[in-house]
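Q: Here is what each chain is made of, one letter per residue.
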Amino acid sequence: MAPSKSTAQTPATSPPRKGKLGPMARREARLALWMLAPTFLIVMGIVLFPLLANFWISVKPVTLSDLRPPTPVVSERVRGDFEIAGQEFEIQYRLRNSSRDGDITDVVLTDTLPAGITVIDPGDVCTVTGAEVRCTLDGLPAGERTRLKMTAVSDESFAANPVSPRDSEPTITGTSDNILTNSEFTLDNFARIFDSHEFWSVLWVTITYTVFGTLGALVLGLFAAQMLNKPFAGRSIIRGLFLFPYVAPVIAVAFTWVILLDPFNGTFNAILQRMNIADEGVNFFGQRDIPIDVFGLTIDFPLALATVIAFEAWRYFPLSFLFILARMQSISSDMYEAAEVDGATPLQQFWHISLPQLLGILSTLFLLRFIWTFNKFDDIFLLTGGAAGTRTLTVDVYEQGFALSNLGAGAAVAVAIFILLLVFAVFYFKFVHREDS
Amino acid sequence: MRIGTGLLLGLLTGLLWGTIAVALTGISLTLITGLPATPIISAGALGGAVNAAIILLRAPADRTPGLYLVAFAGVIIAMMLVSFGAPFSLAFSESSLIQAFGVGLIALAVTFANRAVLIDIQSGMLKRYAIDLVIVRTLKGFGFVFFSVIVILPFYVMVMTSLKNQQDLFLNPLDLSIDLTQGAASLFDSYVELFTKFNFGRFLLISTIVSVSTVLITLAFSIPGAYAVARLKFPGQTVLSSSILLIYLVPMIVLVIPLYAVFSQLGLRNTVVGLLIVYPATTVPVALYMLQGYFRGLPAELEEAGLMDGLSRLGVIWKITLPLALPALASVSLYVFMIAWNEFLFAFMFLDDPDIFTLSRGVVSLNSSEVPRQHLMAGAVIATVPILVIFLWFERFLVQGLTAGSVKG
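Here the protein sequences come in this chain order: A and H. Per my numbering, the very first residue in the first sequence carries number 1274; after that it's consecutive. Per my numbering, the very first residue in the second sequence carries number 9; after that it's consecutive.
Hint data in this document are derived by calculation from the structure and do not stem from the laboratory. Among the hints, a few may not be true.
As the list claims (entries may be wrong) - Result set (BS3-like, lysine-lysine): computed pairs, CA atoms no more than 25 Å apart in a straight line: (1) 148(H) to 1503(A); (2) 148(H) to 135(H); (3) 135(H) to 1503(A); (4) 327(H) to 241(H).
With the hints as constraints, model all of the structure from the sequences given.
A: Shown next, in the form of C-alpha cells:
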C-alpha cells in the first residue's frame, strides 16, 4: 500500500526513463499524497495499528484492572495545636498505593506550608526550602501504606491569623510500571484458550453459524429476487419493505426477536400454542438442544443456534436480494425469449439461464457474506449473549476480555480470528482471480 | 371435466392456499382484534381444494365471473361444513361480524390465488411446461406471503408492544389490539416515560450529533482521497484502489481490545470524541471506494477545461466535480449516516456515562428485568423510526449506496 514504493505502473505518458518522474508528474503525485494523507492517517491509527497492537496484547498478562495504573494517594493530617504560637505540632502525610499488585517508584510529594510555620524536624525523607516541602521516596510497594511525619512550630503572626496547613493540597507523583508497555511477555493466554475444551466447540459453533447463516441469507435473497424480477404494480413498495430488516438498527430488531420468541409470554410461542403446534412455550434462545424424532431416531437439534442462524438469514437476506436483483435486471431478455421459443419451461429457464448468469454474483456474495458473518458480533451478543451453545469466536473475545476481564486472553482469541480470516482472504483472492481470468 | 395432473396440481395448490389463508386470517384476527380465535386448518384446506376443483370444472376459456362466484361460495360452504359452523373455534354469536368478515376474506383470497395460479390451466393431463408454470406461480405466491409475514410480524409486534401495558401483555401475549378509547396520553405512556425519565431526548440528540458529524468527517476525508485515486497519477495508484476495500474485511471485534486499552489510557474512551475518531475510520475506506468509482465516470474534459481557465485543483473539485457528483454524495452520506446511527459495538464498549449515550447504547440500558418490556420496545421504535423514515424518503439513493458500496453489516 506504500505509495512511494512501486513506480512500475506510471503510465506511458510519463517520461521514458523508468523510475523517474517529470516535475509535473511529481507535483501531481505529491498533491495526491496530500489528499490521501488524512485517510491514511485515520486508517493507520484506528485499523492497522490496533491490528498490530492486538498481537502485542495477546502475549501480555494484562487484565482490565491493569488499565488503571497504580497511583500514589496522599492525605494530610495535623496533630497538635497549631493555633498557639510556639507550640510544637506534627504534620503527617499518609501515603498509599492505590493498586494491590503494582509497585510505584520515584515517589515525589510536594506541598506548600502557610507563612509563619517553621519545620523543626523534617524527618528522614523530606526537605524544606522556605515554604516548600519536598519528600522523595524510592518506592511504594503494592498495597503499602506509609506515614511521613514532620514536627513544626508556628510563630506569633501565624497564631494571630491561623490557617490550617491542610488548606494547601499536597501533590504527589510516581512512576509505575505500565503492563502494556513493559517487556513482560507470556504465552499463557494462548495456552489457556487452546487448552480449554471450550475453544474447539466455540470454533465449531462459529463455522456452523457462518456457513448456515450465509447460505440462509443467500437462498432467501435469491428467492425474493426471483419474485420481484418482473415488474408489477407496487413492486418498489415491496422492495422497500423487504429491506427493512437490514436498514433497522440491530439493537431494535434483536430485542424485538427476543420479545417475540419469549418462552412465557412471547407472541410467537402464543401462536404456536394456539395452533396446537407446541404444548408449552419453547425457549428458542435459551435451550441448547431439543430432541427430535426422525423415523424413530432421536437427534438433538441445536435449537438456540438454529434460531440465531434464522435471525442472521432474516436480517441479511435483503442485502443479497438487492445484489441478485440488480444482476438479474441486467440479464438480457433475448435469452429468455429464445428459450421460450425453444419450449424451455420456467424452471428450466431458471436452472439453465438465470442461475449460470448469477453464479458470479452468488459466489462473490457468498465469500463476502461468509467473512462478514464470521466477523459478526452484535447479533449473537444481543440475542443470547453467547449462552446455550451459541458462543462464536467474536463473542468469545468479549467473554474472555471483558466478562472475565482478561484482556490478554481476549486478544489471543482475536488473533485466532485474524489468522482464520487471513486464510479466508487468501482463498478469496485466489478465487476472485480465477473468476477474472 | 377431465381428470389428470391438472386437477391433482390444482387440488394441491388449493389445499396450500386454503391452509395459508385460514391460518393467517385466524392469527391476524387474534393479533388485531384480540379475539381468542383458533383457526381450523383442515376447514381452510378443504375449502381451498373445493375452490380449485370448481374453477377447474370448466376449460380456461369458458370460465365466467359466475363460476368464480360459485367457487367463492364453495369455500365458505366447505369451511362451514367441516368446522361445524365455527371456522375459528368460536361460537358464531361471538363477534359475528368480524368472523363473517374473516371467512369472506379467506374465500376471497383463496379465489384470487387459485385464479392467478390456474388461469390457463385445465384439469386434464398437463404438459411439462404447464406443470412448471403452476409450480413457479405457487412458489411466487407463497414467497410473497412468507416474506411479507416474516418482515411485517416483528415490526408489528415491536410497535404494538410499545403501546401496551405490562399487565395486558402478560395476560394475553396474542392480544396486540389497541384500545383507542383510552386517550393518547395513556397510549403513548411508554414514550412519555422514556423521554421524561430515561433521558431519551438526549440520546436522540447525541445520536444525531454523532451520525451527522461522522458523515461530515467521512466526506471531508474521502472526497480528496477519492479524487486523488480517480484522477491524479501517482505511484501505487492501482494497488491502492484495489486494496482499499480490504479494510472492510477486518473484524471490528479484533480492534476493540487494543482501542479500548489505548483510549482508556488517553482518556478518550468514555467520550463522544472517541466515537468520532473510530466511526469515520470504519466508513472512510468504503466512502472513498464508492466516490472514486463515481468520479471516474464523470467526464474528465470538464475538469481539464476548468484547469485551463485557471482554476486550481481544489477549485476544480469544489466548483466542477462535487456539483456533478451530488447523487453519489447523497448515497454515500445516507449510507454513512445509517452505519453510524445503527452502530452498536463501540457505543456499547466505550460509553459508560448516561449523559453521552447514543440511542443504541441507551436502548441496551433498558434491557433489564426492572424495566418493563414495552419501554424496551418503545426505545427500539424510537431508534428505528428516524432511520426508516430517512430510508423511505431517499430510498433510491440509499439503494444505490447499498449496491455500489456493498455495505458491511
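Q: Can you give the numbers of the hints that this structure goes against, from lowest to highest?
A: As far as the earlier hints go, not one is violated by this structure.
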